[in-house]
Amino acid sequence: MLLQSDIIQVKNLVKRYNGKTAVDGISFCIPQGSCFGILGPNGAGKTTTVEIMEDILEPDAGDILYKGSVRKKNFNQEIGIQFQQTELLSFLTVQEILKTFSAFYHTHLPVAEVIDLCMLNDIKNNLNNKISGGQRQRLLLGLALLNDPELVFLDEPSTGLDPQARQNVWQIIREMKQKGKTIVLTTHYMEEAQILCDIIAIMDRGHIIEQGSPVQLIEKHCQGEDCPQNLESVFLKLTGKHLRE
Amino acid sequence: MSFKRMWALFMARNYEFIRDRAGFGWNILFPFLIVAGFGMMFSSDTASVLKLGVYPVSTHPQSGQVSVETLDIPERLIANNYIKIVGFKTYDDAIDKVVHHKIDLLLENGKSPLTYWVNESSPKGRILEKLVKESIVEDAVFEGRLAKNQIQGDKIRYIDWLFPGIIGMNIMFSSLFGVGFVIVRYRRIGVLKRLKATPVTAFEYLTAQMASRVLVMLFSSAVVWFGSDLFFHFRMQGSYFDVFWVFFVGTLCLVSMGLVVASRGTSEELSNGIINFISWPMMFLSEVWFSVEGSSEWVKTVAKIFPLTHFLSAARKIINDGADLTQIAPELTILLGMTCLFLVIGSALFSWTK
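Sequence order for the protein chains is A and B. When we follow this note's numbering, the leftmost residue of the first sequence carries the number 3, and every step to the right adds one. When we follow this note's numbering, the leftmost residue of the second sequence carries the number 534, and every step to the right adds one.
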């Protein structure tokens, strides 16, 4: 895969909540066409960082550049977002929700194509508040892909999915990568990050404590026979084994 | 600004409202039940307003009604349609009711001189006392000292006066809760955050919410109006075209007020409290149930800050008095001005997530 110039540049980002620093001066770049993973224990600052990149939250300091300049008005025409937790307009069917959201964008994929892509055919006429957790995750993913975005933010997209549905989500992400889309992925599943991500940033207490490709991180931090050669070992070694919030 | 986005949101909100059968049904049923209830209570001009207790009397074994033939009190009190006579067997049963304002005055049956008990703190009791005194005065006393004139033309029934108030009250509650409460809930559960992640602007979202709510309220008000009219045959002195504009502008103003309430906050409990804080004084001072004529000047002044006051004033001028749009221009101007003010404040304060 050809990695081009950076689509997102994050510079010295700071965010505080009630005096407590959630994100503490982090900087990184996301190459266009890559799958960029952000990992970290609960409360590390992942979601805050991603929501600032999405233009949902205002940073207290720092800059976000999109394609080399500050984000313009049409930024949200070009991005897709799947939030970790969200509700949708109630009493609308899955198909109606997708149709409603498709009207928000200048250009969008055909709703039927998104329904096929996210395996929503069986439930397209069900009310969106009467579907299972896994079906809901697939609908939220469908909403994120609806405008055929250049940049997609996926916040724990496979949480609550059964193995089949998870494989489906992974396949969709692979296809997006093949089409040259950029993906920002946060997840607690190390296997998922190891399989899908080109670059991984590990965050803890508002800082990026390590960054690199999965192979680089494993090679660097898993030396010796007592360290299993996988990303989970790297993660636990860097962030510790004690419980977080 | 995109009409396509506004239309999509408008339609989505309409689907939500119509498919929420419980909420939709209640919006239609609630005002209809109130109108029906009051219609029955005030269906004739003989509705009793004062309660006169009489003891000792015998009551009908089945109905519990006082046997009129056993009453030995002035005939004028029995014949007065505005006085309801409530019988008691003993003094002890009856006096407790006077103390607790459950009856307005207690009269001893067949006693001479006419003996009664009245609670000095009861305004109705004081009025009934006057009627008791008047009942033993000969008509000749008033001759040459009083001149009675009849009102010309059709009389306005209480139900005709009340009906616009009930419809207006329903619109007020639906606007404040249906917009204010719903948007705060949507903010709390993340619906607004999801919309913020799309190209939808706050203006587009709020306009769609307003348009949907106004449409739904006008539709449900029309259903209630014509449904109630089948039973109560309201007197409509003005034109339906004119009254439509009053309801349209009034609803727009109240929905805009709801947007101000909904502009910030994620606590449904707080928004519930704020809406109650606004709606209850508005309901009592805007003449939904009774006129504030004769109240203190400050009460009348406070009443004027509520949009419902001007809404109901305009509606009643058309419905009860046959006024046209030029005659209610002051009310419409005030309502439009308030609408603009609420929209400016609501837009300035609006937050998708905070």
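Since the hints were derived computationally from the structure, they do not count as laboratory data. The model shown is predicted, which means the values in this text are computed figures rather than measured ones. Treat the hints loosely; a few may be bogus.
DSS-like mimics (lysine-lysine), calculated; alpha carbons at most 27 Å apart, straight line [unchecked claim]: (1) B/K729 to A/K22; (2) B/K887 to A/K75; (3) B/K729 to A/K132; (4) B/K729 to A/K179; (5) B/K663 to A/K69; (6) B/K622 to B/K663; (7) A/K101 to B/K729; (8) A/K13 to B/K887; (9) A/K13 to A/K75; (10) B/K537 to A/K126.
Here are a few chain B residues that face chain A, going by a calculated C-beta distance under 7 Å [stated by the list, open to error]: (11) A545; (12) L664; (13) V665; (14) I669; (15) R718.
For glycine and all other residues, C-beta sits at the position ideal for the given N, C-alpha and C.
Taking the hints in turn, this is what the structure says about them:
no., hint, in the structure
1, B/K729 to A/K22, "holds, 25 Å"
2, B/K887 to A/K75, "holds, 21 Å"
3, B/K729 to A/K132, "holds, 24 Å"
4, B/K729 to A/K179, "holds, 26 Å"
5, B/K663 to A/K69, "violated, 88 Å"
6, B/K622 to B/K663, "holds, 25 Å"
7, A/K101 to B/K729, "holds, 17 Å"
8, A/K13 to B/K887, "holds, 25 Å"
9, A/K13 to A/K75, "holds, 20 Å"
10, B/K537 to A/K126, "holds, 23 Å"
11, A545, "holds, 5 Å"
12, L664, "violated, 57 Å"
13, V665, "violated, 60 Å"
14, I669, "violated, 67 Å"
15, R718, "violated, 9 Å"
When the structure is compared with the earlier hints, violations turn up for hints 5, 12, 13, 14, 15 and for no others.
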